[in-house]
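*Asks:* Could you put the whole structure together from the sequences, leaning on the hints where they help?
Chain by chain, the residues run as shown.
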Amino acid sequence: MSKLNRRDFIKISGTASAGMVMTPPLTSIWKTIFSDEEKPLLENEAKKVPTVCEVCFWNCAGWTYLDKEGNIKKIIGNDIDPHSNGRLCPRGTGGLGMYYDEDRLKKPLIRVKREDGKSEFREAEWDEALDLVATKMKEIEKKYGKESMALLFHGKTGPHFEHLFKAWGSDTMGEPAGAQCLITREAGFIATYGAGLASPEPTDVRNTDCLVLIGNHIGENMHNGHVQEVSALIDKGGTIITVDPRFSTMAAHSTKWLPIKPSTDLALLLAWMNVIINEGLYDKDYVEQYTYGFEQLKDHVQKYTPEWAESITTIPAGDIYETARLMGGASPRVIIHPGRHTAWYGDDTQRTRAIAILNAILGSWGREGGFYFPEKVKLPKEAHPPFPKPKWTWKDISRDKHKLAIMGITNELIDHALPEYKGPYKIKGMFITATNPLQSIPSQDTIRRALDNQDFVVVVDTMPAEITGYADVVLPEATYLERLDHLRTAHHRQPNIALRYPAVEPKYDTKPGWWIAREIGIRLGLHDYYEWEDFEEVLDWQLKQVGSSMEEMKKVGVKYFPRKTPMYLKPGEEYWFNTNTGKIELYSTDFEEWGYDPLPVYKDHGENPPGFLRLIYGRLPMHTFGRTLNNPNLFDLKHDPHLWVHPKVARIYGLENGQEVWLKNPKGKVSSFPIKVRVTERIRHDSVFMPHGFGNKGRIWVDGKKLEMHRAYGRGILDSEMIYNIEIDPVTGGTGLRNNFVTILTENPHKKEAKS
Amino acid sequence: MAIEVNKCVGCADCVVACQTENNVPHGYSRDWIVEIARGEYPDLYMHFESQRCNHCDDTPCVRTCPTGASHIIEGGIVKVTHDECIGCGACIEACPYDARYFHPEGYVDKCTFCDHRVADGLDPACVSVCPTTCMHFGDLDDPDSEISKLIRTRENYTLIPEAGTNPQIFYLK
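Those protein sequence lines, which keep their order, are chains A and B.
Residue 545 in the working numbering sits at position 545 of the first sequence, with consecutive numbering throughout.
Residue 1052 in the working numbering sits at position 52 of the second sequence, with consecutive numbering throughout.
Treat the hints with care, as some may be off.
To be verified - Keeping only pairs whose Cα atoms sit at most 30 Å apart, straight-line, the calculated DSBU-like set for lysine-lysine is:
{"hint": "1", "chain 1": "A", "residue 1": "Lys73", "chain 2": "B", "residue 2": "Lys1079"}
{"hint": "2", "chain 1": "A", "residue 1": "Lys166", "chain 2": "A", "residue 2": "Lys401"}
{"hint": "3", "chain 1": "A", "residue 1": "Lys303", "chain 2": "A", "residue 2": "Lys603"}
{"hint": "4", "chain 1": "A", "residue 1": "Lys68", "chain 2": "B", "residue 2": "Lys1079"}
{"hint": "5", "chain 1": "A", "residue 1": "Lys667", "chain 2": "A", "residue 2": "Lys603"}
{"hint": "6", "chain 1": "B", "residue 1": "Lys1149", "chain 2": "B", "residue 2": "Lys1079"}
{"hint": "7", "chain 1": "B", "residue 1": "Lys1173", "chain 2": "A", "residue 2": "Lys256"}
{"hint": "8", "chain 1": "A", "residue 1": "Lys73", "chain 2": "A", "residue 2": "Lys107"}
{"hint": "9", "chain 1": "A", "residue 1": "Lys507", "chain 2": "A", "residue 2": "Lys73"}
{"hint": "10", "chain 1": "B", "residue 1": "Lys1149", "chain 2": "A", "residue 2": "Lys236"}
{"hint": "11", "chain 1": "A", "residue 1": "Lys570", "chain 2": "A", "residue 2": "Lys284"}
{"hint": "12", "chain 1": "B", "residue 1": "Lys1173", "chain 2": "A", "residue 2": "Lys236"}
{"hint": "13", "chain 1": "A", "residue 1": "Lys47", "chain 2": "B", "residue 2": "Lys1079"}
{"hint": "14", "chain 1": "A", "residue 1": "Lys554", "chain 2": "A", "residue 2": "Lys376"}
{"hint": "15", "chain 1": "A", "residue 1": "Lys559", "chain 2": "A", "residue 2": "Lys381"}
{"hint": "16", "chain 1": "A", "residue 1": "Lys156", "chain 2": "A", "residue 2": "Lys428"}
{"hint": "17", "chain 1": "B", "residue 1": "Lys1079", "chain 2": "A", "residue 2": "Lys39"}
Don't read these hints as lab results, they were simulated from the structure.
*Replies:* Laid out in structure tokens, this is it:
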């Protein structure tokens, strides 16, 4: 075997390439002059402050450790936290890089026109920036009504601004976490069980015997609790079935990998139902007692045989029978995982409903080793006058078209912000916090036109992402390690709350979200909704109402409360589901009434356009979308994204490992930046894969100086830039993003343009 | 140390935990992830290996060190005394695992198995943070330790055994 060379495998993770150059060291004399070797800080010698991670939505609780000088040294999971069990994922461990990132937004910025007609930003004081935001919001109110000011948000900072908007009188809001992510899955489960899944998904992975993952990359997505429970499942030798066109990390750890042809998942799900029903592998007592429409389902799936599905999915019928029997054998201790980002092909509610139905006939809902009934702590809300009733809300934009638009549909809000929109629900101002719509909402061109059509755009964020460049005012927010937010009350097996408390004062001239929202609120005359000066007062009051206190929470970080209801159904227990029939609706009476297919029907999503490869995008375990790319710690782990291509494709295009290529979609759109090729058998020959969130091109000018995420800028290709085909899910308005295709360019297309 | 490759997801939490624990400068690392894949689509095999200094029993790095900066401490951990290191790089060349690097402050640096934590009864940072709990640390000299039992009962391999260094990290299948 040849000598291992670390420089060859930094493609997986390791260190920055520059750092790998073996430079001769300084002499020992220089060393004694300059050496200021830091000693590691042991946890028991350090001050610790409770936090709730904000690097992703899993919101693990942990401790921020500080040295004697008060510097943040490390973040470690809280042992009693059910989201992390004391073990954060790489992003949580590296979360301190968010605080130390020197490219952070540091001062409020106001857009100004330069003499040459171009615009740039100038630094401003908070008072001036906040006054301007309030003035502009009032102008929009006067001109169009408060409702025309929309809020796009994400993360734990969102609720502060939701409160501001509701108090002011606008409920025109949405977050990409809905239409671009999990709304279709929520709708599929609501239509079936009368209950959604929320986060963390109440899948009882650690107790299951059989876990089925469909396009769900646990291990590449670091949904921490689930990663840990899957690991425990591997320990006990449980069955894992992974359905994925790509040989994902979890496919490699699975009992059975089904390399499916992309876009055909529903055919597989229906064929599984066919086998499970026809071979009597379903949970008969459960189906009898709790479900509605079994006979219709049985008739419906007769035509969907494994042999038929083989012709669609390319998965051999024998494998479909075998995996269906594995699931049936494990029933009810089986989970067909609902997934998270499920906005794929435009019929996603139907696909996720098929997942819900399959779980139902296997009797896994409300069962140990299936889906548990989660519970959460309901904290009392601080008293304030009722919110004013807006003349119209996001519901008026989306609910007529999509009956299960259970939250604001961001892409439809964007459509209502376009110049060609002439209807009554016009959006003319945008308040954007902790989301980067240019990456998170599809169709960049549409978003740019919508932004250009706004009278006023405010961005509240910690980093200068692309969206910052479209703002009139930029308000720099403190990172999660420097601020207080709402208590985490996410549901789980055991109800619990977790505290995020600032470990340090906000760096630079940044402010916590609650402070920014309140200051704007006061300027809008909303004093009655802010009868506190420090958000800590609200939390302290809330904690006292549930028998705890700020003092206690600072010591424990996470606190548990007793369950009020059982976690699983008791044998034969009578149970009412929140559906029209009070049962689990295999056949959806709502869908029948609303004109959607009451049982999922397979629809063909077409083939690749000739000469084009399907664009599959996904996650890397050390990054959360584009938000973490510039984090110095996480950048170190992975900063060079790769385009996975099958060796056949590499031969056709003449590609080599590490070669830079550009992508072009059928509409002629060419990627701004190149990406390096990775030739691997782990991807189908008809598809390419690349991680989401790279290809950052945000760059602004502040008082003549460039401000950008300098590490992340220009690295790799952003999938959102290449996505041209957005297939809308009729039930929810969710945006199917996976019927998109690209071809590979080996010559720099931008160079050519420059020459001609 | 023993690492279960059937559970590792290659997330690199071990890498970043080591960096923050040991103040490893940005751009450098004491541990790293390697992907091992074989086969042709769809008959494939893949696992990750979290790699670092193997704290070998037979140590070419220590043998080649002209100043004695590279040494073995009680318990078998291979360490570098930074103040004694002249940065000649002989150990870097001698290590078959490429586990050592030049620290920008002028010495050779590498994994210490977090001996400062071990002395305090804690696991190394990489082991303690791993979300999949695929990493195990303990006393290989004690036949009754959990890690000795794991290595006895599970099929395992070491890296580049032909180098003859008797590496002390065992990968469990």
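*Asks:* In ascending order, which of the hints set out earlier in this document are inconsistent with the structure?
*Replies:* Failing hints: none at all.
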